[in-house]
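There are 2 protein chains.
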Amino acid sequence: VEKRYLFTPGPTPVPPEVLAAMAEPILHHRGADFRSVYERVLGGLKEVVCTSDDVLVFSSSGSGAMESAVLNLATPGDRVAVVSHGSFGERWIAICERHGLDVQAIRYAWGEKPNADEVGSAVRESGVDLVFCQQSDTSTGVVSDVQAIRGALGDATLVVDAVSSLGAVPLETEAWGIDVVVSGSQKALMLPPGLAFASVSERTWSRVTPRTFYFDWPATRKAQHKLDAAFTPAVSLLRGLDVAIALLLDEGLAAAFDRHLRLGRAARAGVKAMGLELFSPDDDSSAVVTAIHSPDGIDSDDLLKHLRTRHGVTLAPGQGALKGKIFRIGHIGWFDVFDIGVALSAIELSLTELGAEIERGVATAAAFEAYEQPVSTLP
Amino acid sequence: VEKRYLFTPGPTPVPPEVLAAMAEPILHHRGADFRSVYERVLGGLKEVVCTSDDVLVFSSSGSGAMESAVLNLATPGDRVAVVSHGSFGERWIAICERHGLDVQAIRYAWGEKPNADEVGSAVRESGVDLVFCQQSDTSTGVVSDVQAIRGALGDATLVVDAVSSLGAVPLETEAWGIDVVVSGSQKALMLPPGLAFASVSERTWSRVTPRTFYFDWPATRKAQHKLDAAFTPAVSLLRGLDVAIALLLDEGLAAAFDRHLRLGRAARAGVKAMGLELFSPDDDSSAVVTAIHSPDGIDSDDLLKHLRTRHGVTLAPGQGALKGKIFRIGHIGWFDVFDIGVALSAIELSLTELGAEIERGVATAAAFEAYEQPVSTLP
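First to last, the protein sequences are chains A and B. Residues in the first sequence are numbered from 1 upward in steps of one, following our numbering. Residues in the second sequence are numbered from 1 upward in steps of one, following our numbering.
If you're looking for bench data, these hints aren't it; they were derived computationally from the structure. No false leads were mixed into what you were given.
Okay, derived cross-link-like pairs now, PhoX-like style, lysine-lysine, Cα gap no bigger than 25 angstroms in a straight line:
| no. | chain 1 | residue 1 | chain 2 | residue 2 |
| --- | --- | --- | --- | --- |
| 1 | A | 226 | B | 323 |
| 2 | B | 325 | A | 226 |
| 3 | B | 226 | A | 325 |
| 4 | A | 305 | B | 222 |
| 5 | B | 305 | A | 226 |
| 6 | A | 305 | A | 323 |
| 7 | B | 222 | A | 323 |
| 8 | B | 323 | A | 222 |
| 9 | A | 222 | B | 305 |
Selected chain B positions facing chain A (in silico; Cβ < 7 angstroms):
| no. | residue |
| --- | --- |
| 10 | 6 |
| 11 | 8 |
| 12 | 19 |
| 13 | 23 |
| 14 | 64 |
| 15 | 193 |
| 16 | 235 |
| 17 | 236 |
Where is the CB? At the ideal position from N, CA and C, for every residue including glycine.
Kindly generate the complete structure, drawing on both the sequences and the hints.
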């Protein structure tokens with residue numbers, strides 16, 4: 001028997017009660033049994049997204065919801081701005097360019113946090129009225145301050161990719177005036193991949209012109225208002241989502257955010273105690289993913305392979321130019337401090353086996369100590 | 001305890017071993033465990049689609065795969081032809097028109113079978129080189145002769161929607177020279193909704209220009225050739241698909257087609273014995289869905305509601321102009337003759353309770369008798 005541990009920033013582990021719900025017999029999507037599930041899900045999503053506006057549901061991965069925003073909000077030739085500081089910022093740019101938009105890329109080094117004032121100046125100077133950014137770029141672990149970015153943009157419509165951050169870090173969609181939030185099921189929502197979401201603010205609807213059939217926002221909204229779906233929805237995933245949302249709201253969003261923040265602290269404390277260097281920012285914003293430099297002389301892909309084959313532990317690799325250089329621990333969703341302990345122990349063991357010089361026997365103690373500190377007492 | 005019976009043409013019932021596979025812990029889509037599942041699925045899909053060409057996999061409903069064909073094969077202003085004889089033919093037209101194509105609609109009355117010679121003449125006269133049609137239009141139960149349509153088209157590229165027919169009726173994709181087959185998971189493949197497929201013939205690739213990011217065929221093919229996916233795939237559904245394909249191939253495609261054909265016969269025999277009038281064609285092609293006129297004075301939506309609330313049996317309603325007039329029994333996928341017996345018994349009971357004059361006590365016997373006849377001995 002080899003136990004397996006999934007510590008990637010998506011897909012993430014799914015609680016057994018969610019898995020069990022997905023294994024129940026299939027319900028017809030227009031039957032009364034399903035409609036009560038669907039009604040709870042549509043209401044629960046609004047709570048999770050912190051908005052009273054519609055949260056549209058698509059059967060797709062998060063990238064489908066990202067493309068839906070481009071195809072419902074822009075037409076070819078439009079000038080738009082993208083704030084990019086990682087792999088998923090580059091994805092916004094690729095989607096916009098695929099559809100003939102004129103993209104003003106506001107780029108930061110991967111691992112750097114975007115500066116809201118700079119972004120605001122760039123957008124206001126260029127007169128662009130549609131801006132895309134990430135709340136969390138999973139490729140680097142950077143969580144940006146989308147409230148500040150929103151505040152700096154004036155009247156421009158802001159679309160935030162919260163695929164990996166929704167449910168993990170605060171996102172006051174309506175209170176902060178964020179126009180569109182896109183997200184996915186396979187991160188902090190504790191579900192398998194296959195569902196994606198887009199919340200759309202009231203003022204945004206006036207600029208919506210769908211240039212897509214499958215991701216048509218008005219058709220999706222119209223169907224949802226009748227507790228229907230524009231296309232046969234992934235009913236088993238939606239039953240799982242019903243259970244997962246209940247778990248999340250039972251814990252409470254504030255408690256979940258607190259837990260993720262302390263998981264990030266625990267991961268960073270353990271990593272540093274081992275003598276490793278962090279790639280993701282060493283502050284409380286890094287509550288989703290902890291990205292770590294591989295020690296000198298050790299290719300991070302070799303480390304990941306060793307972790308997986310020798311110890312059954314799956315972490316995530318570096319992407320793009322960071323391939324082989326960093327590795328990442330996702331700590332989102334159905335995740336607790338004991339998981340951090342397992343991840344750190346496996347890293348410690350594997351690096352030792354691969355011949356790296358690291359401090360042994362201190363990482364998990366440092367992690368548990370960091371986790372125990374209440375949030376309010378630390379700077 | 002009220003047992004529930006799902007006899008709709010999608011979503012369809014899912015076998016317990018498939019449900020159990022989907023309830024297993026989440027695998028990372030780039031890990032070795034998942035890649036072996038994925039390799040079997042990609043190979044198995046080729047067997048099911050009867051082609052040696054790539055079968056592209058999307059996390060979406062079948063309509064997503066339909067739109068993918070339009071967005072990869074046509075550019076705005078292109079003239080295309082659509083053969084429409086039901087709700088899903090109209091969907092092809094709507095997708096094509098959404099993307100600015102010039103659509104030549106070759107329409108037949110709902111319930112009528114398209115005539116291959118007529119379709120061929122219309123296409124050849126107009127010089128259109130891209131044609132969309134349905135193998136099975138779920139809204140009417142009509143299964144068209146796509147081999148004959150293919151033969152009548154000359155060199156034009158043919159895209160066949162086999163969402164509800166793949167695995168239920170013969171479709172010799174490569175042997176018949178069908179260029180593109182799109183399908184979905186929630187019909188004869190015995191899976192929940194959430195996955196869609198597009199097989200693309202070798203000669204078709206030269207005309208592919210993706211005008212979509214999420215449904216980009218070349219990017220999807222490139223990823224699949226590396227046993228990767230362009231976007232995080234619906235891993236739990238793919239694990240279920242692995243089991244479902246094994247079940248289907250263990251039965252054997254020929255045996256599955258034989259079973260569906262006899263299920264259609266059984267449904268029609270029972271319906272007629274009761275004294276009801278068929279809407280779908282009364283021949284062996286109607287192996288997917290049996291559509292039935294509601295008796296005089298009974299709104300079919302009332303019948304369906306009665307079936308569902310009183311007896312726990314879900315059938316499908318009439319769509320469009322057929323709403324209230326017909327009802328439909330889907331008999332695809334994980335379905336046997338005892339299910340036909342339950343469906344007929346529940347219809348008989350409900351119609352009696354609603355005051356219709358029907359022949360009682362004969363439908364199931366007629367159905368079982370029809371089912372027992374070997375396929376080859378009947379005309």
